[in-house]
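Q: Given the structure of chain X, go ahead and fit chain P onto it with the hints provided.
Here's the letter readout for the chains.
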Amino acid sequence: MSASSNMNWDRRTVLRAAMGLAAAGGLAACGSNTGRGGGAGSGKGLVQYFHAYGEAGVEQAVKRYAKAYKGANVTTQWITGNNFEQKLFAALLTKNAPDVFEFHPQIQMVKSGQVADLTDIIEPVKDDFNQADIKSHTVDGKIYGVRMIDDPQFLFYRPSMFEKANIEVPTTLEELIEAADKLTTSKVKGIFLGNDLTSVDRPLIWSAGADTLTADNKPAFNTDAVAEGLKQLRGLFTSGNLLLDAPADSWDPSAFIQGLTAIQWCGMWAMPAMQKALGDDIGIFPFPKVGSAGKQSVYNGGWSMFVNAKSKNVEAAKEYVKWLWIDQKQYQEDFATSYGFHIPPRTSLAESADKLKSGLPAEGVKLFNEFGHFDNIGWTQAMIASFWDVIANTVRKNGDPKAALDACEKKVDAELKKLFG
Amino acid sequence: MSTTTTRGVAQPAPAKVSKTRPRRGLRANSTFNFWLFTGPFLIGLVIFVFVPIGWSIWLSFFEARFTVTPSNFVGFDNYKQILTDTNFRNSLVTFTVFAAFIVPATWAMSLGLALLVNRVRFMRAFFRSVFFLPTAVSYVAASLIWKMSIFNGVRFGLANTVLGWFGVENIAWLANPDPPWYWLVIVTVRLWLQSGFFMILFLAALQNIPQELYEAAAIDGAKRGWQTFRHITLPQLRATSTAVILLLLIAAYQAFDEFFNLLAKATWGQPPLVELYKMALGQNQNYGAGSAGAVVLTLLICVVTLFQGKIMGFGRGEESK
Numbered sequence: 001m002s003a004s005s006n007m008n009w010d011r012r013t014v015l016r017a018a019m020g021l022a023a024a025g026g027l028a029a030c031g032s033n034t035g036r037g038g039g040a041g042s043g044k045g046l047v048q049y050f051h052a053y054g055e056a057g058v059e060q061a062v063k064r065y066a067k068a069y070k071g072a073n074v075t076t077q078w079i080t081g082n083n084f085e086q087k088l089f090a091a092l093l094t095k096n097a098p099d100v101f102e103f104h105p106q107i108q109m110v111k112s113g114q115v116a117d118l119t120d121i122i123e124p125v126k127d128d129f130n131q132a133d134i135k136s137h138t139v140d141g142k143i144y145g146v147r148m149i150d151d152p153q154f155l156f157y158r159p160s161m162f163e164k165a166n167i168e169v170p171t172t173l174e175e176l177i178e179a180a181d182k183l184t185t186s187k188v189k190g191i192f193l194g195n196d197l198t199s200v201d202r203p204l205i206w207s208a209g210a211d212t213l214t215a216d217n218k219p220a221f222n223t224d225a226v227a228e229g230l231k232q233l234r235g236l237f238t239s240g241n242l243l244l245d246a247p248a249d250s251w252d253p254s255a256f257i258q259g260l261t262a263i264q265w266c267g268m269w270a271m272p273a274m275q276k277a278l279g280d281d282i283g284i285f286p287f288p289k290v291g292s293a294g295k296q297s298v299y300n301g302g303w304s305m306f307v308n309a310k311s312k313n314v315e316a317a318k319e320y321v322k323w324l325w326i327d328q329k330q331y332q333e334d335f336a337t338s339y340g341f342h343i344p345p346r347t348s349l350a351e352s353a354d355k356l357k358s359g360l361p362a363e364g365v366k367l368f369n370e371f372g373h374f375d376n377i378g379w380t381q382a383m384i385a386s387f388w389d390v391i392a393n394t395v396r397k398n399g400d401p402k403a404a405l406d407a408c409e410k411k412v413d414a415e416l417k418k419l420f421g
Numbered sequence: 422m423s424t425t426t427t428r429g430v431a432q433p434a435p436a437k438v439s440k441t442r443p444r445r446g447l448r449a450n451s452t453f454n455f456w457l458f459t460g461p462f463l464i465g466l467v468i469f470v471f472v473p474i475g476w477s478i479w480l481s482f483f484e485a486r487f488t489v490t491p492s493n494f495v496g497f498d499n500y501k502q503i504l505t506d507t508n509f510r511n512s513l514v515t516f517t518v519f520a521a522f523i524v525p526a527t528w529a530m531s532l533g534l535a536l537l538v539n540r541v542r543f544m545r546a547f548f549r550s551v552f553f554l555p556t557a558v559s560y561v562a563a564s565l566i567w568k569m570s571i572f573n574g575v576r577f578g579l580a581n582t583v584l585g586w587f588g589v590e591n592i593a594w595l596a597n598p599d600p601p602w603y604w605l606v607i608v609t610v611r612l613w614l615q616s617g618f619f620m621i622l623f624l625a626a627l628q629n630i631p632q633e634l635y636e637a638a639a640i641d642g643a644k645r646g647w648q649t650f651r652h653i654t655l656p657q658l659r660a661t662s663t664a665v666i667l668l669l670l671i672a673a674y675q676a677f678d679e680f681f682n683l684l685a686k687a688t689w690g691q692p693p694l695v696e697l698y699k700m701a702l703g704q705n706q707n708y709g710a711g712s713a714g715a716v717v718l719t720l721l722i723c724v725v726t727l728f729q730g731k732i733m734g735f736g737r738g739e740e741s742k
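Residue numbers (our numbering), protein chains in the order written: chain X, 1 to 421; chain P, 422 to 742.
No lab work stands behind these hints: they were computed from the structure.
Please read these numbers as outputs of a predicted model, since none were measured by experiment.
Careful, some of the hints might be misleading.
Pairwise CB distance ranges (calculated) [to be verified]: (1) X:Asp181 with P:Val541: 46 to 56 Å; (2) X:Thr347 with P:Leu720: 50 to 60 Å; (3) P:Cys723 with X:Lys310: 34 to 44 Å.
Idealized CB from N, CA, C, for every residue including glycine.
Only chain X is shown next, with the shape it has when bound in the complex:
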């Protein structure tokens, strides 16, 4: 058979076949379950975004809870990397935005209509929640997120090293800097506050007796005591007693466990890993007071669940959030205490959780109650980033703290004007 004689016919056949396949593929796609709902007989499809938790087993637990939900087919996107915020913000502008996502309370998300009002699902159990959590999620009387966990953060230390160096637990920033000096050896640095020191941004403000914003949303961080605290941190930064450029950041207990530092800023979530590695040789204390008018502080971070207000499945998403983070107390306790230690925001759960009743976790709960500060919903990511610039420019770069705080206040003021007019 001549190859040329059949060439036209073959090409046409191939073209027809390809077009047929494409059409069939398109039709098939119409009926497939893409995980975003709408598939015949598959029920509602919901997508939830989670940032990657460092503790083993959390991802599996989240997926297990989602699978147990019968009201919808819930797909979990486990976002790794250190830019969860950026990925989430970018996704929220697209049609592929998650229906449900975890984040921190932020007023600009409310103002720009990105998060749905969840008051109706929280209201019946509102009194059982930590009231500071309720406050930090409330704008104009409406509640925009359900707190999943509270994460107190403090300074972890090795009592054995303190004993050897003959030092007491510091209560002021001067004492902390002095302790870091005495604890530093050729192998161990005195203290680790994270690679860029931004982890202690708000504790520094609170411990200096200031605040991020006033009750009527005006900048409240630009004080002499905060400027003085920044200067003192600069002294620590250049002293050679501060651990810098560790392979993992302060949220990870590696530096502490590996004996690279005697004191580390970290969260209560890391306690199980630390206890496993170091046994009882662990103690905790709040961020020390800065200046004479200051007071020790504990940053109560945490994560909350939000519903995308622009989702096509707002009601289904709210149902799911209510089911998991309000009704399913056993999952909430499992999530808070089985992987790392967190404090459940539900008062009844926090009081009944066995693992938080004794030892170091109980001490963490005590510090949480006594010295805790919660996020202000008006203190937005842009403002946080502005204050991080202050830390970078003054502590790490030797800029003038007062000038940097003034510049930051200007930016925060502009942000506040945009948000509140």
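A: Only chain P this time, still in chain X's reference frame:
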């Protein structure tokens, strides 16, 4: 457009007319074929390049926070903001410093490697592969290796371990801007990643230099080594060098991954793309100001490219030189 074939002097024999007669239908319609093959790419170009550029220009005149469909027209406010922004201006300085380091360093290193592997007689393919392989590594992965294994600030980081042998204290390579050791980390990671690729370009150019030139030089008494390199090899590589420098500059403009991964939450060492990313897609979500910055940066790149083209004569015909 005519579809009749008129080429060829000799007319075909009657029996073969059917084979040479004008083609009909889709196969014969060259305009259709042109659109068939370029159309999908053109559509992609319009959707993914031209529309976003237009959209970005449009956004730059609006207050666009947490939205890409804004309604609040602000005129040139975003341009005013970006041009008075210290961080954006500093980012241009960062880029200039980076380009000043990385362009000559990569040029010299890739040329050196090319000369080395061009001469080597033993395990030639192995050495070429070894130097080329880093090209296949992603910038993110390489940055993390540099940050976490080689240039971390603790005692078991590779660089600090080596320094420790000589009694040097641990260095915080990335946390401390004074002294600016972070440049060493950034420049070395990029050198490692891109030198292999440019080595291949130089290698190809080296192999195109006629051997007769070297032979003639030898007859004229030129010494092998520096003399022949300076008077024969280097001038013969002029066209390749120009292309390599242009490509390196473009790559320097696009610097993002290593800076973003190595210097998170820093206010120094931020090139323009990182600064604009932070502004538009980072914590601020300010698409208006970010777009204005992108327009300013684009105009700047155009000016610099035209200036560079004029200086280096790129794109000029040989006859006009």
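Q: For which of the previously enumerated hints does the structure constitute a violation, in increasing order of number?
A: Violated: none.
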